[in-house]
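Visitor: One letter stands for each residue in the lines below.
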Amino acid sequence: MKRAVILNRRSWTLWMGLILLALVPVFTSLTGQSFYLDLVNRLMILAIAALSLNLILGHGGMISFGHAAYLGIGAYCVGIPAYYDVYSGWVHFPLAIGVSALFALLTGAICLRTTGVYFIMITMAFAQMMFFALVSIETYGGDDGLVIESRSAFDPWLNLEDNLTLYYVTFASLAVCLYLMHRMVQSRFGMVIEGAKGNERRMQAIGFNTYRYRLTSYIMSGAMCGFAGALLGNFTNFISPEMMDWMRSGELIFMVVLGGVGSWFGPVLGTAAFILLEEWLSGITIYWQLLFGAILILTVLFNRGGPLRGANKTRNRHA
Amino acid sequence: MHNLTTDVMLHVSELSKAFGALRATDAVSLEVRVAEIHAIIGPNGAGKTTLIAQLAGEVLPDSGRIEFLGRDITRLPPYTRSHLGLARSFQITSVFLDMTLLDNVALAVQAHQGHSYRFWKAARRDAALVQPAMDLLSQVGLAERAHRLASDVSHGEHRQLEIAMALATRPKLLLLDEPMAGMGTEESARMVDILQGLKGRTAMLLIEHDMDAVFALADRITVLVYGQVIASGLPDAIRADTSVRRAYLGEDMTAG
Chain C
598 MKRAVILNRR SWTLWMGLIL LALVPVFTSL TGQSFYLDLV NRLMILAIAA LSLNLILGHG
658 GMISFGHAAY LGIGAYCVGI PAYYDVYSGW VHFPLAIGVS ALFALLTGAI CLRTTGVYFI
718 MITMAFAQMM FFALVSIETY GGDDGLVIES RSAFDPWLNL EDNLTLYYVT FASLAVCLYL
778 MHRMVQSRFG MVIEGAKGNE RRMQAIGFNT YRYRLTSYIM SGAMCGFAGA LLGNFTNFIS
838 PEMMDWMRSG ELIFMVVLGG VGSWFGPVLG TAAFILLEEW LSGITIYWQL LFGAILILTV
898 LFNRGGPLRG ANKTRNRHA
Chain E
2 MHNLTTDVML HVSELSKAFG ALRATDAVSL EVRVAEIHAI IGPNGAGKTT LIAQLAGEVL
62 PDSGRIEFLG RDITRLPPYT RSHLGLARSF QITSVFLDMT LLDNVALAVQ AHQGHSYRFW
122 KAARRDAALV QPAMDLLSQV GLAERAHRLA SDVSHGEHRQ LEIAMALATR PKLLLLDEPM
182 AGMGTEESAR MVDILQGLKG RTAMLLIEHD MDAVFALADR ITVLVYGQVI ASGLPDAIRA
242 DTSVRRAYLG EDMTAG
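Protein chains in written order, with the numbering used here: chain C, 598 to 916; chain E, 2 to 257.
Keep in mind that the hints were calculated from the coordinates and are not lab data.
Errors might be hidden in some of the hints.
Unchecked claim - If you want a taste of the chain E side facing chain C, the calculated C-beta under 10 Å gives, among others:
1) Phe-20
2) Gly-21
3) Thr-75
4) Pro-79
5) Tyr-80
6) Arg-89
7) Phe-97
8) Met-100
9) Asn-105
10) Ala-109
11) Gln-111
12) His-113
13) Arg-146
14) Met-166
15) Thr-170
16) Asp-242
As the list claims (entries may be wrong) - Estimated spans, in silico, between C-beta atoms of each pair:
17) C/Leu-615 x E/Asp-194: 50 to 56 Å
18) C/Gly-695 x E/Ser-152: 38 to 44 Å
19) C/Val-714 x E/Ala-36: 46 to 52 Å
20) C/Val-714 x E/Ser-64: 30 to 36 Å
21) E/Ala-128 x C/Trp-754: 39 to 45 Å
What the hints assert, rightly or not - Partial pick of chain E residues on the chain C-facing surface, computed with a CB cut under 7 Å:
22) Gly-86
23) Leu-108
24) Ser-117
25) Ser-152
Ideal Cβ placement from N, Cα and C applies to all residues, glycine included.
All chains, full assembly: derive it from the sequences and hints.
Guide: Here it is as structure tokens:
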């Protein structure tokens, strides 16, 4: 009985959220405030990134402090081909996913041999290595970054040059990623990831090679974030190493924490809260980061499970 | 003689492990035979838990050899040993506290149904996992508790859950690290019943402080003191052994 009620409330929130997101372009075209279209588009792209981070951080207990690296990698996988006049989305997106997965495989294989604070530090170190590597490559703009002349084109169907097309592609991607995550978390694989977070020693004793499953989830998370990065590169029409700065990684962690670690669409709500707060506060005062910091601290102190903690706790209980 | 050796499931020879100057395991040799319950007793600090940890693969020995079903497993990781048929329970309860009892056992069942790179189908609605897990919970008397969170049940029930999870891996040999630790008399008696019921299905290596339980269950007993085996044999022989009496059992022996 109780379970049905909660599922209904959850799916009601979800559907309302999706309908709202789908209607944003209608609102902006009626009012002529295209600014909001951009804001929500960016929000949804970062929500996909936060969703991917939540797979390893929330469900797997792996606190990656270098997840922005994948946003950067994804964006450069659009920017660098574009620099050579390759504008096909059929190249950009598979490249973004592939390179991100490869980076996750190589770095994850090392990072996952550590735990706790060492894991946090080493994921951050790898991301910073990527950052400095791209700063040093002058061909692709180095520190200054690179303007993307033209966005990805999925000939003959789609061209992201149109803001509305990009918006709905992002929207559809977010919906698909949410659904994928929903299935995966409840699958056998999801159970293994969850179990390895709770008690790795016991997982090994009952016969799981936890390292391999963790690495797989790490790669999947990186690949999904790389995909978000390709969208981000298209959205900003610009790439720079700054996209993978460690502060960006910290922001992604905050989005996940705000929404409730390990909850299903918490990362989307967390990202929304983060982006909207940032927007609102920075309009009020130039010292907005001070206020923002205070709000973040209060959230963590008083709302540890995030706004969805009730729904999240119950998820483990149904059979 | 030859007949005896083919009966041996677990053959430990000259196993040693030191932590600094402390020789936690000192040239330990022992055997566990098919279908028997072999108890290891000894005072606190005798190295019993360190021994189990080496048998389970969590701690690697400095020297010596562990053979399981004729295979050298001395350096194999815990999960590989699990797939060979070696299961363990933990002295300090070690279950998945934020999962239900059913989830706990289902996860152990899942570990032995091939790989878990299955990303789509909901595990909690998978009859191939839920059915066997439910059966195992019934066997240890936890069926009505199946949907409770592991953090919500009693200590004694945790111990029973430990056994169900170990059994879910369909073990040939169960390593039981103080299954009665912290239990009341009634709970202990129930655990003895559960283990008695498993006798014959799987061999067991039992570490236990509760002497009533040890003498009720064990076919053979090995006595460990300061990491060394000081006696090994049938319960009656151990009970009569003077060096054992002196080193460990003292007056408690009459209780058995």
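Visitor: Are E/Arg-146 and chain C close enough, Cβ to Cβ, to be under 10 Å, as the hint says?
Guide: Result: violated, 12 Å to nearest chain C Cβ.
Visitor: Should the interface hint for E/Phe-97 be scored as holding, given a Cβ-Cβ cut-off of 10 Å against chain C?
Guide: 5 Å, holds
Visitor: Once the shortest beta carbon distance from E/Asn-105 to chain C is found, is it less than 10 Å?
Guide: With a closest approach of 9 Å, the E/Asn-105 hint holds.
Visitor: Taking the CB of C/Val-714 and the CB of E/Ala-36, does the distance hold inside 46 to 52 Å?
Guide: 47 Å Cβ-Cβ, so the 46 to 52 Å window holds.
Visitor: May I ask you to test the interface hint for E/Phe-20 with respect to chain C, counting a Cβ-Cβ separation under 10 Å as satisfied?
Guide: Violated: closest Cβ of chain C sits about 19 Å from E/Phe-20, beyond 10 Å.
Visitor: Can E/Met-100 be said to touch chain C, with a Cβ gap under 10 Å?
Guide: 6 Å, holds
Visitor: Taking 38 to 44 Å as the stated bounds, is the beta-carbon spacing between C/Gly-695 and E/Ser-152 within them?
Guide: 42 Å, holds
Visitor: Measuring from the C-beta of E/Pro-79 to each C-beta in chain C, is the shortest one below 10 Å?
Guide: For E/Pro-79, the interface hint holds, since the closest Cβ of chain C sits about 4 Å away, which is under 10 Å.
Visitor: Should the hint that E/Ser-117 touches chain C count as held when the rule is a Cβ pair under 7 Å?
Guide: With a closest approach of 4 Å, the E/Ser-117 hint holds.
Visitor: Next item in the hint list is E/Ala-109. Is there a CB on chain C closer than 10 Å to its CB?
Guide: Because about 4 Å separates E/Ala-109 from the closest Cβ in chain C, which is inside the 10 Å limit, the hint holds.
Visitor: Holds or violated: the 39 to 45 Å window for the beta-carbon distance between E/Ala-128 and C/Trp-754?
Guide: 42 Å, holds
Visitor: Could you check the hint for me, namely that C/Leu-615 and E/Asp-194 are 50 to 56 Å apart, CB to CB?
Guide: This hint holds: roughly 54 Å between Cβ atoms.
Of the numbered hints stated above, those contradicted by the structure are hints 1, 2, 3, 13, 16, 22, 25, listed in ascending order.
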